[in-house]
Each structure stands twice: as structure tokens, then as C-alpha cells.
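Participant: Given the coordinates of chain A, work out where chains B, C and D should sit on it, guided by the hints.
Here are the chains, one letter per residue:
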Amino acid sequence: MKVFAFCLVFVTGVMLVMTAQDFPAWGDAHSAPNQYLSTYYIQHTYRDTAVPNIVTAVLADYRGFDTMFETSVIFCAGLGIAAILSFGPRNPKRRKRLGLPPSAEGDLIIQTTTRLLIPVTQLFALYVIAHGHHSPGGGFQGGVILAASFILLSLAYDLNMALSRLSDRLALLWGNGGLLIYAGIGLICVALGAHFLEYSALHAILPATDSVMARSHAMLGVEIGVGFTVMSMLFSIYTQLVSLGSLEDGL
Amino acid sequence: MTDLMEFVVSRFNYWIYVVLMMIGLYAMISKRNYVKKLIGMTIFQTSIILFYVSIGVKSNATIPIVDHHDVVHSEILVDHYANPLPHVLMLTAIVVGVATLGVGLAVIEKIYRQHGTIEEPELLADVDQT
Amino acid sequence: MNDQLAFFTVGIPLFGAIFASLAGLWRAHWCQRIAQTAIVGTAIVTVGLFLQVNEVGAVHYQLGGWPAPIGIQFHVDPLNALVLIVITVFAGLALWAAPTALQDELPGQERFVYPLMLLLVTGLLGMTVTGDAFNLYVMLEITSLSSYALVAIGKGRAAVSCFTYIVMGTIGASFYLLGVGYLYLKTGSLNMLDIKRVMLEGHLIQSQTSITGFILITVGLWIKMGLFPLHGWLPNAYAFAPHAVTNLIAPLMTKVSVYVAVRYMLMVFTPDFMLAHENWSDIGQIIACVAIGAGSLIAYSQTDLKKLLCYLLVAEVGYMVGGMWLVNPVAFKGVIYHIVSDAAMTSCLFLGAASVIQATGHRHVHALRHAAKTMPWTFAAFVLGFLSMIGVPPTCGFFSKWFLISGAVAEGAWWYVAALLFSSLMNALIFFRLVEMALFSDVAHPADEVMDMGKNGEAAIGLRLPLWVSSLFVLGIGLAAQPFGGWIERIVRQVGGWP
Amino acid sequence: MIWQFDLYILVLLVVTAIVSLRVRDLLSAAMVSGVYSLLMCLLWAEMGAVDVAFTEAAVGAGLSTVFMIATILRTTRRTTD
Numbered sequence: 001m002k003v004f005a006f007c008l009v010f011v012t013g014v015m016l017v018m019t020a021q022d023f024p025a026w027g028d029a030h031s032a033p034n035q036y037l038s039t040y041y042i043q044h045t046y047r048d049t050a051v052p053n054i055v056t057a058v059l060a061d062y063r064g065f066d067t068m069f070e071t072s073v074i075f076c077a078g079l080g081i082a083a084i085l086s087f088g089p090r091n092p093k094r095r096k097r098l099g100l101p102p103s104a105e106g107d108l109i110i111q112t113t114t115r116l117l118i119p120v121t122q123l124f125a126l127y128v129i130a131h132g133h134h135s136p137g138g139g140f141q142g143g144v145i146l147a148a149s150f151i152l153l154s155l156a157y158d159l160n161m162a163l164s165r166l167s168d169r170l171a172l173l174w175g176n177g178g179l180l181i182y183a184g185i186g187l188i189c190v191a192l193g194a195h196f197l198e199y200s201a202l203h204a205i206l207p208a209t210d211s212v213m214a215r216s217h218a219m220l221g222v223e224i225g226v227g228f229t230v231m232s233m234l235f236s237i238y239t240q241l242v243s244l245g246s247l248e249d250g251l
Numbered sequence: 001m002t003d004l005m006e007f008v009v010s011r012f013n014y015w016i017y018v019v020l021m022m023i024g025l026y027a028m029i030s031k032r033n034y035v036k037k038l039i040g041m042t043i044f045q046t047s048i049i050l051f052y053v054s055i056g057v058k059s060n061a062t063i064p065i066v067d068h069h070d071v072v073h074s075e076i077l078v079d080h081y082a083n084p085l086p087h088v089l090m091l092t093a094i095v096v097g098v099a100t101l102g103v104g105l106a107v108i109e110k111i112y113r114q115h116g117t118i119e120e121p122e123l124l125a126d127v128d129q130t
Numbered sequence: 001m002n003d004q005l006a007f008f009t010v011g012i013p014l015f016g017a018i019f020a021s022l023a024g025l026w027r028a029h030w031c032q033r034i035a036q037t038a039i040v041g042t043a044i045v046t047v048g049l050f051l052q053v054n055e056v057g058a059v060h061y062q063l064g065g066w067p068a069p070i071g072i073q074f075h076v077d078p079l080n081a082l083v084l085i086v087i088t089v090f091a092g093l094a095l096w097a098a099p100t101a102l103q104d105e106l107p108g109q110e111r112f113v114y115p116l117m118l119l120l121v122t123g124l125l126g127m128t129v130t131g132d133a134f135n136l137y138v139m140l141e142i143t144s145l146s147s148y149a150l151v152a153i154g155k156g157r158a159a160v161s162c163f164t165y166i167v168m169g170t171i172g173a174s175f176y177l178l179g180v181g182y183l184y185l186k187t188g189s190l191n192m193l194d195i196k197r198v199m200l201e202g203h204l205i206q207s208q209t210s211i212t213g214f215i216l217i218t219v220g221l222w223i224k225m226g227l228f229p230l231h232g233w234l235p236n237a238y239a240f241a242p243h244a245v246t247n248l249i250a251p252l253m254t255k256v257s258v259y260v261a262v263r264y265m266l267m268v269f270t271p272d273f274m275l276a277h278e279n280w281s282d283i284g285q286i287i288a289c290v291a292i293g294a295g296s297l298i299a300y301s302q303t304d305l306k307k308l309l310c311y312l313l314v315a316e317v318g319y320m321v322g323g324m325w326l327v328n329p330v331a332f333k334g335v336i337y338h339i340v341s342d343a344a345m346t347s348c349l350f351l352g353a354a355s356v357i358q359a360t361g362h363r364h365v366h367a368l369r370h371a372a373k374t375m376p377w378t379f380a381a382f383v384l385g386f387l388s389m390i391g392v393p394p395t396c397g398f399f400s401k402w403f404l405i406s407g408a409v410a411e412g413a414w415w416y417v418a419a420l421l422f423s424s425l426m427n428a429l430i431f432f433r434l435v436e437m438a439l440f441s442d443v444a445h446p447a448d449e450v451m452d453m454g455k456n457g458e459a460a461i462g463l464r465l466p467l468w469v470s471s472l473f474v475l476g477i478g479l480a481a482q483p484f485g486g487w488i489e490r491i492v493r494q495v496g497g498w499p
Numbered sequence: 001m002i003w004q005f006d007l008y009i010l011v012l013l014v015v016t017a018i019v020s021l022r023v024r025d026l027l028s029a030a031m032v033s034g035v036y037s038l039l040m041c042l043l044w045a046e047m048g049a050v051d052v053a054f055t056e057a058a059v060g061a062g063l064s065t066v067f068m069i070a071t072i073l074r075t076t077r078r079t080t081d
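Those sequence lines, one after another, are chains A, B, C and D.
Residues in the first sequence are numbered consecutively from 1, following the numbering used here.
Residues in the second sequence are numbered consecutively from 1, following the numbering used here.
Residues in the third sequence are numbered consecutively from 1, following the numbering used here.
Residues in the fourth sequence are numbered consecutively from 1, following the numbering used here.
Please keep in mind that the hints were generated in silico from the structure rather than gathered at the bench.
Please note that the accuracy of each hint is not assured.
[Stated by the list, open to error] Partial list, computed: chain C residues near chain A (C-beta under 7 Å): (1) I18; (2) V59; (3) L63; (4) F112; (5) Y184.
[Claimed, not checked] With a straight-line Cα cutoff of 25 Å, these simulated SDA-like cross-link-like pairs (lysine to any residue) come out: (6) A/K2 to C/V219; (7) A/K2 to B/T117; (8) C/K155 to B/L124; (9) A/K2 to C/G232; (10) A/K2 to C/L230; (11) A/K2 to C/T164; (12) C/K155 to B/V71; (13) C/K307 to B/L124; (14) C/K155 to D/L73; (15) A/K2 to D/V14; (16) A/K2 to D/A61; (17) C/K307 to B/R11; (18) A/K2 to D/S28; (19) C/K373 to C/W414; (20) C/K155 to B/D128; (21) A/K2 to D/L73; (22) C/K307 to B/E122; (23) C/K373 to C/I283; (24) C/K307 to B/I63; (25) A/K2 to B/S59.
The beta carbon of each residue, even a glycine, is placed where N, CA and C say it ideally should be.
The following block holds chain A by itself, in its conformation from the complex:
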């Protein structure tokens, strides 16, 4: 098996190395991928959408459909993991903890520090979501940081404490809600007679905007939806994985 795998990998590697000689030089600003579409995005993004961060604009507007399905992928993973682990025989003999000390009472210093740290983390996450138009960040990164704050809570106290703040049921609800916000904004555009996710049509119902600012605002809405789904689904995945699907007795 090892020899076979090595031969296979070697052939693939040789093919890719041979092909790399045909590539444009590294860092060449005039190579094909750096010219054609990317020129359009760099020159027109600010005029089209009033968003300086080109990556956010392309992610949430020009290729917003991809991002909607990226959110669905996370949603699908959360749902799927809950389904995989919620079913099947539980063998208590095999659930022994390997190399772990018995779960003790939480440490006071850690708990106090966590209590101080979590509000700051969550505030930073909200900043990352809201400020994604101007700086690196956006719904996905902010959602991950929010999920991390809940994971921190469950590590410093215990899983039940974190679940009392965001139960699995509530997490699924939030996950659905986030996806519904994203797809719903797209559907409103359809209802206004435009194409799916064509945010400029939204200026008809958003007060005091033109079609450019409507794109910018709709992108914020969409990012918030992504943030909800990512936060709740990633936390739900963590709780499932850490408790073997039983949602009790975390690390």
C-alpha cells in the first residue's frame, strides 16, 4: 500500500512540477489571472458598491451566491454532525477518558479571567462583522470568534454552563435564522423584480439610500446572517464532538 501510494503521489507530483514551468513568473502583475477580471474588481468595486475592502465586496456581492452556499455548507455540516452522533448505540465501557484527570471544580483564576475576557471577545467579534467593509474581516471571521467565545466558556466552566447560554436547539434555530436572513434578502430582491441577490433593487424599500449604498447596506445584512449561522453551527459542532453527541459531560 505504501509503495503504491508513493508511486501515485510521485506521478502526480511530477506532472504538477512539469506544469509549473508553464506558469507565469511569480508576482507578475501582468499575468492572465491578475489582469482580466481582477482589473474590473479593483477599479469598479468602490464605485459599484461603496465598499473599500474589495474582498468583502466580491465575496458578498459579485459572488454572493457562492457565499450563500458556503453558509449552507456550514449549516449542512452542523445538521449532519448532530444527525451522525445523535444515533446509534452508546457503549459506556468505551467512554472512558484516556489520560485525563477526573473533572474537577473549575479553577477560580481561570473562571474570573474568562469572565473578563468573554465580553471583550464578543465585542471584537461584532466589530469584525460590522467593520468587514473597511478592514479584513466579515461575517465568517466574526462568527468564528463568537463561537470561540462560547467554546472558551465551556472550557473554563463546563459544557452545561455554555449550553445554558446557547442550547443545541437554540443553536439550530440561529443557524436557520442566519441562512434565512441571507436567502431572504436575496428573495426580497426577486420580489422587487430584480435578480436573486441583486441588492441595488433594495433602495426602493430602504430609506435614504441610492442603489450603490443599498448594495453596501445589504452586504452588512448578509454578513450578519453569515455570522449567526457560523457562530451557532460551529459551537454546535464543538458541543457534539466534545460530548460524543450526548451533550452532557464536556471536557
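Facilitator: Okay, now just chains B, C and D, sitting in the frame of chain A:
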């Protein structure tokens, strides 16, 4: 000799991406432990992301966030900003990667719950018995 | 509203999945109704889209309102409108049978299974309808992830099989992604039609990078469709998944991957590109012939009913890949016709297997003993599906083989013809082995005692009805073969640029 | 960008990738793969892909490692390869 050096140096990102991809692919195929297979999968996927990001690099360019000053007072010079499109694509790929990793780990937990091992040879022996 | 139809093919199942999962939080039994309603709605939309496209030609739908290479666009031509109908119809049959199949196997899991099934259908429809190479990757991944989860829900060996599926599936999808990257590196574009335009205008199509991109995409899709040397994950994953899931993924997933490969051959890399490399066609055909032979032979040695059908599926994938690599319009007609007919017959066979297993409680082929007596109606539909697999005239399997063979004869690909005939022969042998068990059950057999056979009745009506409908499709597609085949050939010539 | 810096990180990447696959303790392997992700994140930040680097720091070095450790502690950390 200098030609060769230049040839190697001018594309070393691409060489390393191929090496990382080979390591990841080899681990996915030949490792016996399932968690190791998943670590190989992470390496494999990140190497592809490295390839995409390398496509979009421009020497002497800054991050793809437009300067307000440029917009108002002068023209936006395309060569000043890195290519944003590969970055967008790779954000999606990272998300897909973590989702796949999560599902893979959940399946590993289920396998361990059923068979008590995550080593492939022992597992296959256990499966054949039942 | 007419110009929004293309979006609703993907939109309805997506919203269906969201609402089904929301409803599952309170009322699990609503999930099933929402899922079935969504699939019926999608079927109506796809039929409408098909009629529209057939009338006015290819339709493009700009998502976000951005024109083609800047934004993502849906590209619907008559060919993929046809595949869309196939997906919704057979997904509809699977969802029709799902409540009965789930009742025994996964009670209480409806609130997860239905949303995941709808997401799977969304991904399949998206893969078919999208005109953007990267968007196709995202759709591929949502399809894969939902199918990983659905397979892993099953009992017994399902989890171990699913892990192999995850590893192989990720390799396949990553190869596809890498191939798209190579095309992007050469052309700077992600839209399929635009990639083709740039490559033709810049004479980039024969460059090393484009060729490597083509190889990576092809190998990635081969892994996804389970072509023979790369099929390792398929039989176990499909056979040990819950029946409701197998009914959905077995007829559709491989077919959609084949369609995507067809699309890359016809729309992105032109037939001229394929013909420029003479030995490629031979290599493709050798692999296909080996796949057909090996799939049929391994199927003959199986004792597990569903696994036997899975190996037949592996052989069928060989048919389609071989037909594609003949690179002529008649063979492509055969491939497209085979996508439709194979979806019908695998749907029929797997529904039949699910009915038999559900009625008898055994998955060994001996479960078919006494079947002609104890469940004549179920068995009749199963036989019809199998006759089609062999290629007996009024069924659709005969015509797909006929079209493929006439394409092969035109190219002088005799090995491929021989492989097809060999596969028919092997299928006939398997068939007679099964029929012997079902009909001549008077002869005592130790299995009767052990498995407590011959005391069961027909399968539940919830499984039998979809089974009959799918067997009617097997007959109907076969009876309409001549006009239908002519229509496909006209479309294929139009899409592939043949005179 | 500074190509010496680039080259240094790339070599370290290959080293960490091999180490994470060679080490026999799964917990260490997960930690080293976290280090791998962090180096990758540095590399991308240095190449100007700030959004990708941010995501990789949050996901690859953060959550993926946490998921892996959770699974390893719930199953087994010993392996023979």
C-alpha cells in the same frame, strides 16, 4: 547556474505547494490512523489554498483594500493592489475544509463508539468479524 | 416571472431545507410534508424551464444582476434542463418512498434526514444548472457533505464505509478545485463559456497548463463518479447507507458527475481538443472497458443484494465514460440517453431491493427466495428493472446500449463493443441466478430454515408505489426511445458544435 | 514582500507538515498541525491575502485544532503510525 537559481527562486511557492500536496495526499492514502488521515487532508487542502493565493500575488502590491484618498483624488492603479479574486475563492474553500473536517471527526467518533479503535487494520478485522 | 424560473430550481429546495429544519424543531412529521411539497414544486419549475428552453434556446440567469464573467451565472440549455427534470423526478420518487423506509431504520431522525436530503438535491440541481466553474465546486461540496452525513447515519458498517467515502470524496473535490485553479491561471476567468472563449481566442487550449487542468478535473470527476480503479468508496458507502438514502443517491450522484464531465468536454474543452490527442481516446476507452468488465465480474461474486447492485452501477459508469471518450455525436447521444435511462433503472432496482429487504428483513441475495410467490408485484417491477439492465428490447436499457454500440461501431472501437456485450451477458447470468431463487423455490435450501423465508407478504405500499412508477419510467423511456434519441442527438450536435 | 522571509516560512511549513504526520502521539500531532496552520496564516498575511490569513488564523489554527483535540480526548491518543 544563475539561470537555474533564478528559475528555482522565481517559482518556489509553486514547488513548495507541490511538495505539501504530495505529503498530504500520501498521508491520506497510506496512513493507517484515521485522525492522521484527516490531518493529511488538512495539509492537502491548505496546499491548494496556497496555490490559489500564490496566483494572486503581485510584487510591490498592497492588500486589496482601496484607499479612500486614491478614489477621490486620483485613479485607482490596478498594479498597486493584490488580486482579490483568489482570496475570495479561498475563503470559501477554507470554510468547506473545516466543515469536511468536522464531519470526518464526527464519523471517527461514531466508529470509535462502535468498534473501540480508529486504526484501519484492527478496524477492518473487527468489521469482518461482525 | 418566466425569467426567474432558473433561480427557483435551486431556490425552492434550499428554502425547503431551511423550513424543514425549522419545522423539525417543533413538529418532526412536518419535515416530510415540507420536503415532498418542495420537490413537487421544483419538478413543476424544472418542467416549465425545460419547455421554455426548448422553445427559445439557452437561458442565462445573472445572480446578483452582474453580467457573466464578473458575477455568477446560471446556464440552462436543453441538455441540462433535461438532467434537471431527471434529478427532480427520481429525487421525488426517493422522497416518496422515504417515510416508509425511514420508519423501520431511523425512527425519530426525520428532522435531520429530510433537510439533508433537500440540501443534497439543491446541490445536485446547482451542479447541473450553474455556469461557473468555482460555483460548481461549492455545489459539489454541499452535495458531498450532505451525502457523507446521510450515509454515516446508517448502522453497522456504514460509519467505516463513510470514512473512506469522505477521504476519497475530498481527494476528488480537491483535484477538481485544483483543475479549476489551473484553468483560472491560464485564462483569468471562472465562467465556463468565458474560459472557452479566452482559450480559443488566445490559442491557450493546447498549453501545458490547460492540459494539466483538464487531467485534474477529469480525474477528480472520475473519483466522484466512482470509475473502476477509483471506485473503492462507492459500493460500501451506497450499500450500507439507509435504504431511503440509497434510493436518493445511487440513481443521481454518479449521473450528475457524468453530466458535469460531459459538460466540460462539450462546453469548455471542445471536441476538437479531445481529438487533437489521439491516444487519449484510447486510454479513456481502455479504462472504461476495464471498468465495465471488472464491475460486472465483481457484481457476479456478491452475495449482498444492495452491494451487487452497486457493482452493477460501477459497470454502468464505465459505459458512460467509454461513450464520452468516443467523442462523436452518436456516442454522446448514447451517453445522455444512458444518463436518463440509468437513473430510471437504478432507481427501480434500488427501490426494489429496499422493498425486498424491508419485507423479508434480510439483505442477502437469498432474501429473494420465494419472492415470485410471496411478493409477485414487487418482484415483477424488480424483474423489469433487471431486464433493462441486461438490455432486453422494450426497456430503456436496450436502447441506451444500442446508441452506445452504434457510436462505437462508427469509431471502430470494437473492444468497447465487446465490453458492452460481455456486461450484458454477465448481467443476464446474475439475473438468472436471482430468478432461479425466486421462481424455483420448491427445492429446499438451507437458507429457508436459517432466514425464515417464505412467510412474508408484499412490501409496504409506501415503497411499492414509487417502485411501480419507476418501473413505468423504465418502460416509458424505452418506448419513446426513437423520438427522444433523435431530439437528444439534435441538441448534442448543437451544443458540441458538430454539423 | 520579502522573499527570504517567504522561503524561511515555506521550509518550516514542510517541516511541520512532516512532523505532524510522523509523531506518534495524536495530541501532539494535532498541536503541530495547529502550528502548521498558523505558519500558513503568516505566509498568506505576508503575501497580502489578509482576509484569507484572518480566516485561517481563526479557523485553521483555532477551531480546527480545538475540534481535533476534542475528538482525540474523546477517543484515543495512542497510535502506531
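Participant: Compare the structure with each hint and give your call.
Facilitator: Structure-based check of all given hints:
Given the 7 Å rule on beta carbons, the hint for C/I18 holds: about 6 Å separates it from the nearest Cβ of chain A. The criterion of a C-beta within 7 Å of any C-beta in chain A is not met by C/V59, whose closest approach is roughly 13 Å, and the hint is violated. Because the beta carbon of C/L63 sits about 4 Å from the nearest beta carbon in chain A, less than 7 Å, this interface hint is met. For C/F112, the shortest C-beta to C-beta distance to chain A is roughly 3 Å, which falls under 7 Å, so the interface hint holds.
Nearest Cβ of chain A to the Cβ of C/Y184: about 6 Å, under the 7 Å cut. The hint holds. For the given pair, A/K2 sits about 21 Å from C/V219 by alpha-carbon distance, which is consistent with the 25 Å threshold. Restraint check for A/K2 and B/T117: the C-alpha separation of about 21 Å stays at or below 25 Å, so the hint holds. For the suggested pair C/K155 and B/L124, the alpha carbons sit about 16 Å apart, so the restraint of at most 25 Å is met.
Simply put, A/K2 and C/G232 have alpha-carbon atoms about 17 Å apart, close enough for the 25 Å limit, and the pair holds. Note on A/K2 and C/L230: the hinted pairing holds, with a Cα-Cα distance of about 17 Å set against a maximum of 25 Å. In summary, the hint linking A/K2 to C/T164 is supported, as the alpha carbons are separated by about 17 Å, within the 25 Å threshold. With a C-alpha separation of about 60 Å, the suggested pairing of C/K155 with B/V71 is violated against the 25 Å cut-off.
A distance of roughly 17 Å separates the Cα atoms of C/K307 and B/L124; the hinted pair therefore holds under the 25 Å criterion. Taken as a hint, the C/K155 and D/L73 pair is honoured in the structure, with Cα atoms around 24 Å apart against an allowance of 25 Å. For the given pair, A/K2 sits about 20 Å from D/V14 by alpha-carbon distance, which is consistent with the 25 Å threshold. Proposed proximity of A/K2 and D/A61 is contradicted: the alpha carbons are some 29 Å apart, above 25 Å.
Between C/K307 and B/R11 the alpha-carbon distance is near 48 Å, which puts this suggested pair outside the 25 Å criterion. With a C-alpha separation of about 23 Å, the suggested pairing of A/K2 with D/S28 holds against the 25 Å cut-off. Pair hint C/K373 plus C/W414 does not hold up; C-alpha atoms about 42 Å apart against a cutoff of 25 Å. Between C/K155 and B/D128 the alpha-carbon distance is near 15 Å, which keeps this suggested pair within the 25 Å criterion.
Annotation: proposed proximity of A/K2 to D/L73 is violated, straight-line Cα distance about 28 Å (limit 25 Å). Only pairs whose Cα atoms come within 25 Å are accepted, and C/K307 paired with B/E122 is accepted, the gap being roughly 23 Å. Proposed proximity of C/K373 and C/I283 is contradicted: the alpha carbons are some 47 Å apart, above 25 Å. Restraint check: the Cα-Cα separation between C/K307 and B/I63 comes to about 53 Å, which exceeds 25 Å; the hinted pair is violated.
With a C-alpha separation of about 40 Å, the suggested pairing of A/K2 with B/S59 is violated against the 25 Å cut-off.
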